[in-house]
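Whole structure, please, built from the sequences with the hints as guidance.
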Amino acid sequence: MPAAMSSRRRSGEEVAGLSRKGRIAPGHQADFCVFAPDQEFTVDRHRLYHRNPVTPYHGRRLTGVVRGGWLRGVRIDIDGPPRGRLLNRGEA
Numbered sequence: 001m002p003a004a005m006s007s008r009r010r011s012g013e014e015v016a017g018l019s020r021k022g023r024i025a026p027g028h029q030a031d032f033c034v035f036a037p038d039q040e041f042t043v044d045r046h047r048l049y050h051r052n053p054v055t056p057y058h059g060r061r062l063t064g065v066v067r068g069g070w071l072r073g074v075r076i077d078i079d080g081p082p083r084g085r086l087l088n089r090g091e092a
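Numbered according to full-length UniProt numbering, the sequence shown spans residues 1 to 92.
Fair warning: there could be bad hints in the mix.
Pairwise CB distance ranges, derived in the manner of DEER restraints [unchecked claim]:
no. : residue 1 : residue 2 : range
1   : Tyr57     : Pro26     : 37 to 47 Å
2   : Phe41     : Gly73     : 21 to 31 Å
3   : Pro53     : Leu86     : 11 to 21 Å
4   : Asn88     : Gly59     : 33 to 43 Å
5   : Val74     : Leu48     : 35 to 45 Å
6   : Pro26     : Arg51     : 30 to 40 Å
7   : Val54     : Pro26     : 35 to 45 Å
It is worth saying that the hints were derived from the structure and are not from the lab.
What you are looking at is a predicted structure, and each value in this text was computed from that prediction instead of being measured.
Here a beta-carbon is modelled for each residue, glycine too, at the ideal position from N, C-alpha and C.
This is the structure:
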């Protein structure tokens with residue numbers, strides 16, 4: 001399984017053209033999250049961080065919660081305002 005996950009991660013960065021993303025290694029930006037795949041939550045459209053506040057999932061119970069995150073190797077407050085910026089192909 002770890003080999004498959006590693007291969008999938010590399011493919012994503014290569015497909016998106018983000019050469020400094022997708023790895024925790026010297027010369028890369030060390031963006032990653034801690035994910036609790038079995039934790040449940042209820043979708044609340046008012047807490048979504050995207051332009052369109054409409055979602056067919058509002059009020060539904062789903063599983064999988066991000067518990068923590070790091071952006072360029074620095075821990076971020078996942079309950080705080082969004083950080084970072086949109087990356088275009090080949091920028092990172």
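Query - Violations among the numbered hints - result: Hint check: 5 fails alone, others pass.
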